[in-house]
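**Student:** Chains A and B, in that order, are what the protein sequence lines are. Counting along the first sequence from 1, when you hit position 217 you're at 217 in this note's numbering, and nothing is skipped either side. Counting along the second sequence from 1, when you hit position 91 you're at 91 in this note's numbering, and nothing is skipped either side.
Be aware that a few hints might be false.
To be verified - Calculated cross-link-like contacts (lysine-lysine; reagent style DSBU-like; alpha-carbon spacing at most 35 Å):
| hint | chain 1 | residue 1 | chain 2 | residue 2 |
| --- | --- | --- | --- | --- |
| 1 | A | Lys-249 | A | Lys-265 |
| 2 | A | Lys-265 | A | Lys-48 |
| 3 | B | Lys-101 | A | Lys-330 |
| 4 | B | Lys-273 | B | Lys-101 |
| 5 | A | Lys-330 | B | Lys-154 |
| 6 | B | Lys-177 | A | Lys-101 |
| 7 | B | Lys-273 | A | Lys-33 |
Claimed, not checked - Residues on chain B that point at chain A, a partial pick, calculated with CB under 8 Å:
| hint | residue |
| --- | --- |
| 8 | Gly-87 |
| 9 | Ala-117 |
| 10 | Thr-120 |
| 11 | Gly-121 |
| 12 | Gly-337 |
| 13 | Phe-338 |
Simulated from the structure, these hints should not be mistaken for laboratory data. Built from N, CA and C at the ideal position, the CB exists for glycine as well.
Protein chains: 2
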Amino acid sequence: MQRGFEELFNIDGQSGRALMPYPHDPHHNPDIKGWEAISAAERIEKIKPILNEVELATLQASIGAISGNTMENTGFFDLLRWWALSGYSAAGVFEFTETYKIATGQSSFARMIFEEALATGNLRYTFDTVISTVEDSGALVKATTLSNTKWLAKRLVSTIPLNVLSQVQFNPPLPPKKLAATQKGHINFGAKVHLEAEGSDLRSWSGAAWPSKRVFACHGDGLTNAGKNTHIVCFGSNNEFAHPREDCKEFAAEVKQLMPMQINKVIWHNWLKDPFSLGTWCVFPPNYSFQYLEALRERHGNILFSSADWALGWRGFIDGAIEEGSRAAKQIIDELGFPKKIAGLL
Amino acid sequence: MQRGFEELFNIDGQSGRALMPYPHDPHHNPDIKGWEAISAAERIEKIKPILNEVELATLQASIGAISGNTMENTGFFDLLRWWALSGYSAAGVFEFTETYKIATGQSSFARMIFEEALATGNLRYTFDTVISTVEDSGALVKATTLSNTKWLAKRLVSTIPLNVLSQVQFNPPLPPKKLAATQKGHINFGAKVHLEAEGSDLRSWSGAAWPSKRVFACHGDGLTNAGKNTHIVCFGSNNEFAHPREDCKEFAAEVKQLMPMQINKVIWHNWLKDPFSLGTWCVFPPNYSFQYLEALRERHGNILFSSADWALGWRGFIDGAIEEGSRAAKQIIDELGFPKKIAGLL
Numbered sequence: 001m002q003r004g005f006e007e008l009f010n011i012d013g014q015s016g017r018a019l020m021p022y023p024h025d026p027h028h029n030p031d032i033k034g035w036e037a038i039s040a041a042e043r044i045e046k047i048k049p050i051l052n053e054v055e056l057a058t059l060q061a062s063i064g065a066i067s068g069n070t071m072e073n074t075g076f077f078d079l080l081r082w083w084a085l086s087g088y089s090a091a092g093v094f095e096f097t098e099t100y101k102i103a104t105g106q107s108s109f110a111r112m113i114f115e116e117a118l119a120t121g122n123l124r125y126t127f128d129t130v131i132s133t134v135e136d137s138g139a140l141v142k143a144t145t146l147s148n149t150k151w152l153a154k155r156l157v158s159t160i161p162l163n164v165l166s167q168v169q170f171n172p173p174l175p176p177k178k179l180a181a182t183q184k185g186h187i188n189f190g191a192k193v194h195l196e197a198e199g200s201d202l203r204s205w206s207g208a209a210w211p212s213k214r215v216f217a218c219h220g221d222g223l224t225n226a227g228k229n230t231h232i233v234c235f236g237s238n239n240e241f242a243h244p245r246e247d248c249k250e251f252a253a254e255v256k257q258l259m260p261m262q263i264n265k266v267i268w269h270n271w272l273k274d275p276f277s278l279g280t281w282c283v284f285p286p287n288y289s290f291q292y293l294e295a296l297r298e299r300h301g302n303i304l305f306s307s308a309d310w311a312l313g314w315r316g317f318i319d320g321a322i323e324e325g326s327r328a329a330k331q332i333i334d335e336l337g338f339p340k341k342i343a344g345l346l
Numbered sequence: 001m002q003r004g005f006e007e008l009f010n011i012d013g014q015s016g017r018a019l020m021p022y023p024h025d026p027h028h029n030p031d032i033k034g035w036e037a038i039s040a041a042e043r044i045e046k047i048k049p050i051l052n053e054v055e056l057a058t059l060q061a062s063i064g065a066i067s068g069n070t071m072e073n074t075g076f077f078d079l080l081r082w083w084a085l086s087g088y089s090a091a092g093v094f095e096f097t098e099t100y101k102i103a104t105g106q107s108s109f110a111r112m113i114f115e116e117a118l119a120t121g122n123l124r125y126t127f128d129t130v131i132s133t134v135e136d137s138g139a140l141v142k143a144t145t146l147s148n149t150k151w152l153a154k155r156l157v158s159t160i161p162l163n164v165l166s167q168v169q170f171n172p173p174l175p176p177k178k179l180a181a182t183q184k185g186h187i188n189f190g191a192k193v194h195l196e197a198e199g200s201d202l203r204s205w206s207g208a209a210w211p212s213k214r215v216f217a218c219h220g221d222g223l224t225n226a227g228k229n230t231h232i233v234c235f236g237s238n239n240e241f242a243h244p245r246e247d248c249k250e251f252a253a254e255v256k257q258l259m260p261m262q263i264n265k266v267i268w269h270n271w272l273k274d275p276f277s278l279g280t281w282c283v284f285p286p287n288y289s290f291q292y293l294e295a296l297r298e299r300h301g302n303i304l305f306s307s308a309d310w311a312l313g314w315r316g317f318i319d320g321a322i323e324e325g326s327r328a329a330k331q332i333i334d335e336l337g338f339p340k341k342i343a344g345l346l
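Turn these sequences into a full structure, and let the hints steer you where they fit.
**Tutor:** Right under this line is the structure:
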């Protein structure tokens with residue numbers, strides 16, 4: 001994978017450093033624009049002659065694990081950003097995107113953020129609530145739920161993900177470019193499936209498969225809490241999954257073809273069918289960032305758009321969500337001052 | 001410099017990665033303890049035979065620029081931390097510690113932080129005020145200034161730098177280990193001197209000198225705002241400087257011996273004589289971190305200690321100050337809730 005990645009990103013004789021010197025300012029070097037328009041498939045076609053069969057298959061499986069889509073639909077540019085953000089090395093990509101975990105688990109991390117927000121005394125909330133319309137009168141923004149509850153605020157921060165945004169009606173309507181960006185959407189329809197395999201033999205196992213129906217890449221990711229079994233993380237395709245229970249059986253069966261194992265437990269969530277996400281972490285298709293990134297980041301009157309899906313840095317990661325949340329919070333504090341009570345249920 | 005640094009830090013055949021895998025958790029690998037006790041001089045002695053004269057001089061000048069002290073007084077461990085934090089490479093050390101600047105300048109950055117704090121409506125402040133005693137009654141902490149003004153709060157966050165802390169009297173007294181740490185202090189007595197050199201010829205110049213009385217390392221750091229002259233940053237020794245005007249003349253004269261130039265302006269601040277700092281950015285002496293770091297970070301009743309001088313990560317940098325400020329803020333919010341009005345002038 002290392003050799004494949006190195007060839008893939010060496011578009012300037014400097015492993016991408018010259019063409020993308022500052023990954024948090026991705027359009028900084030205007031010469032990168034031509035590369036932004038191409039797909040992973042087009043770039044792979046160019047380096048095919050210098051890779052052997054195994055290198056080529058591993059490379060495509062690794063890219064599929066990142067983008068959750070075909071090489072044709074994956075933008076080369078977003079892969080290059082992962083590479084640049086990770087210090088322009090394959091070891092960096094592994095270290096920066098997969099190595100570290102929060103000791104108490106990701107759910108506890110989310111809960112802590114929520115509890116800290118609650119502790120301010122300034123938070124009212126509702127979960128599992130579909131917002132159907134968002135109206136900006138100029139003085140106040142009104143968000144109306146499907147069940148016709150109304151929320152009013154001086155400013156509204158929309159964290160609606162990219163692939164869901166076009167389903168909410170805005171009034172005044174979103175500007176054409178932002179609307180087009182949300183209709184096109186991002187292309188990550190991948191599946192991330194967690195397996196518990198019997199015993200500890202597979203703790204250092206990695207597997208990759210390409211071409212493949214479901215499973216692109218897997219690896220042992222430590223032992224389960226009891227210390228007896230192995231946690232295996234798998235990345236693959238989620239496309240055309242329909243019945244969660246059957247689908248994960250199919251996925252697990254394909255993993256077993258890669259490596260025989262006894263699977264005791266499967267954990268996954270179908271983010272593609274989840275109406276609040278309609279996709280997994282954001283990966284842009286070819287020819288998208290230069291066209292739409294700025295429009296996605298723009299405010300619309302009193303509505304601010306804050307999502308990891310258009311973060312400049314670690315787009316699609318929790319880090320990107322923090323980046324975007326901070327951006328909106330600072331903007332609103334600058335405009336309205338520090339919060340006393342700025343939102344209320346009507 | 002690159003070759004010198006690579007040999008200096010290759011204490012495990014992996015450029016330090018094995019012995020210091022997580023620089024933000026610096027004592028993680030207990031095998032690093034022996035290395036923590038030695039000085040830069042002791043480590044240099046070991047690699048001397050494999051370096052040539054220029055490599056050896058450049059290495060020592062570069063270390064002097066980091067630590068602002070002799071090789072004997074500089075802890076090898078803190079140098080290794082800079083190396084590990086910078087991705088275990090000399091290019092990383094340059095990139096992470098010297099390359100990027102805030103476009104509007106560092107003073108504007110500090111002002112923005114201050115103004116944001118002011119905007120909360122919860123800040124009262126005084127500058128140029130010497131605190132002589134800090135007393136914790138259990139219910140309230142009282143800080144008394146030299147001019148006998150008293151400040152009261154439920155919690156007090158002391159950001160008094162390491163080298164100043166022993167001059168403030170605490171009641172109850174600081175625990176023996178914390179007190180010993182503050183009495184020993186850190187060893188950075190360096191000088192950072194900014195020069196404006198006529199013309200743009202020196203914009204890419206770098207110089208190093210060792211042994212040297214005053215000047216260890218210099219480099220061109222962009223052009224001045226008018227775009228005509230060159231900003232040169234110099235790192236060197238501040239020891240025994242007494243008269244600011246004369247001292248910077250002496251410093252500038254030494255730079256001119258390295259490279260002839262017409263100097264139009266000199267800007268520097270004698271942090272060593274400044275009663276609110278008594279040193280520059282924190283660098284630990286040998287045999288200090290394992291002994292004192294934990295004690296420095298500990299609270300003392302209702303007094304929290306928050307300074308870049310005992311940050312775990314970028315110690316001595318603004319990043320370390322943010323790390324420490326966040327730590328104290330989170331602790332206090334957890335204990336007292338979000339601020340209404342927690343401090344007032346008596």
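**Student:** Are any of the numbered hints broken by this structure? If so, which, sorted upward?
**Tutor:** Failing hints, ascending: 2, 7, 9.
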